[in-house]
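Student: Given the coordinates of chain G, work out where chains W and R should sit on it, guided by the hints.
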Amino acid sequence: MMELSIIWSILVAQIMLGLAMAFAFYRMVRGPRAQDRILGLDTLYINAMLMLLTFGIRSANSLYFESALIVALIGFVSSIAFGKFLMRGEIIE
Amino acid sequence: MRTWFPYPLLSVGLLLVWLLLNQSVAPGTIIMGTLLAIGLGWVTLKLGLVHSHPRRILLIVRFGFTVALDVIRSNIAVIAVILRGQRRPPNPGFLTIDLDLDDENALALLACVMTATPGTAWLEYDRHRKSLLFHVLDMENEDVWLDTVKRYETALKEIFG
Amino acid sequence: MSHLTDLPVWAAVIVCGLTVLGAAVALIGSVGLIRFTSFYERLHAPTLATSGGVLMICTASIICFAVLQSRWVFHEILIIVFVVVTTPVTLMLLGQAALYRDRVEEQRGVPLKQRPPREEQAE
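Residue numbers (my numbering), protein chains in the order written: chain G, 597 to 689; chain W, 208 to 368; chain R, 297 to 419.
One or more hints might be untrue.
[To be verified] In silico SDA-like links for lysine to any residue, alpha-carbon gap of 20 Å or less:
| hint | chain 1 | residue 1 | chain 2 | residue 2 |
| --- | --- | --- | --- | --- |
| 1 | G | K680 | R | R397 |
| 2 | W | K253 | W | L242 |
| 3 | G | K680 | W | Y332 |
| 4 | G | K680 | R | L389 |
| 5 | W | K337 | R | P407 |
| 6 | G | K680 | R | L351 |
[What the hints assert, rightly or not] Here are the in silico distance ranges between beta carbons for each label pair:
| hint | chain 1 | residue 1 | chain 2 | residue 2 | range |
| --- | --- | --- | --- | --- | --- |
| 7 | R | Q403 | W | T251 | 38 to 46 Å |
| 8 | G | L659 | R | I373 | 15 to 23 Å |
| 9 | R | Q403 | W | D354 | 24 to 32 Å |
| 10 | W | P215 | R | Q403 | 43 to 51 Å |
| 11 | R | H299 | W | V257 | 42 to 50 Å |
| 12 | R | V305 | G | L607 | 17 to 25 Å |
[What the hints assert, rightly or not] To give a feel for the contact side, a few chain W residues facing chain R, derived at Cβ under 7 Å:
| hint | residue |
| --- | --- |
| 13 | L227 |
| 14 | W249 |
| 15 | L252 |
| 16 | A318 |
| 17 | A328 |
| 18 | H342 |
In short, the hints are calculated from the structure, not lab data. In this text, a Cβ means the ideal position worked out from N, Cα and C, and glycines have one as well.
The shape of chain G in the complex, shown without the other chains:
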């Protein structure tokens, strides 16, 4: 009973995060303007990072933590680069 409820609650959390990723992806594909797409991409990265953390909890593996950190890093850098590009039309000044 106990283990079933643990497994199910983590599964429910993962389904919710998957839905969140799908919504963010929808905004990225659909978004009327470029800044909406970048916002969607940023949200997608954050939700993917949370998803990796729940996988880490589920399998008690510390490797997922490292990949979550790397996803967060890459998401930050790419969003910054896109935002800078929107503002000036070039990335490095």
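Tutor: Quick look at chains W and R alone, frame taken from chain G:
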């Protein structure tokens, strides 16, 4: 001392990050982390960061608590706005406020706090006029938001003053 | 799935509750991303995931690993600090870029650029 540790807080923070990443406090990790912290402290010297001297630990802790409470409260408020959906659409709007902060780091901290709380988003700060343009998701009465920013500003002025 | 059953009941309840709550907050943030009609409103949606969601799921992960391996290493704090520090930068930059683009295209409902003070113009 200044030549060895240009930014002492930054160096200590870097050492802590290194130890956390390696998940160990073995002597080798500590030595490597100290070397990295000192080296990266010199590297950031080239960036020409602005020195500021936050004082009064008690005030900083109190500020942290108020910010945490505000984050929780505004989280709940924004969740309510989203779940309400189309029945009562939110009333978004832009607000302008004059700030009186000179310290760059205090401004950066204010920007972080305002963006981290859902419901307010920092848009543009004009250095000449010292006025800030920000966006509010649900503007039931503007005075509450202006008061909140003013409260943060006075707290930051006390800390960095 | 054997290791999760090793958790004592109190820890299991806390871990499961925080994980589900955090995922729900992140989901609501993404729903807001879909539902809001203008970009400036959508700018508020991801902060839900980055403040509430990250905080709760990282706390759940910290408690889970601390109780399971009885090692008090909080390396999830790194993720919390990193996300809290970097998200404002991204959102501020995106907000400024959107403001700049809207002004260039002269969209309605966008505040105009404030004029610099007189004496500096004269110089």
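Student: If a hint holds in the structure, say so; if it doesn't, say that too.
Tutor: A quick look at each hint next to the structure:
no.	hint	verdict
1	G:K680 / R:R397	holds, 12 Å
2	W:K253 / W:L242	holds, 18 Å
3	G:K680 / W:Y332	holds, 17 Å
4	G:K680 / R:L389	holds, 7 Å
5	W:K337 / R:P407	holds, 16 Å
6	G:K680 / R:L351	violated, 28 Å
7	R:Q403 / W:T251: 38 to 46 Å	holds, 39 Å
8	G:L659 / R:I373: 15 to 23 Å	holds, 18 Å
9	R:Q403 / W:D354: 24 to 32 Å	holds, 30 Å
10	W:P215 / R:Q403: 43 to 51 Å	holds, 47 Å
11	R:H299 / W:V257: 42 to 50 Å	holds, 48 Å
12	R:V305 / G:L607: 17 to 25 Å	holds, 19 Å
13	L227	holds, 5 Å
14	W249	violated, 22 Å
15	L252	violated, 21 Å
16	A318	holds, 6 Å
17	A328	holds, 5 Å
18	H342	holds, 5 Å
Violated hints for the displayed structure, listed by number in ascending order: 6, 14, 15.
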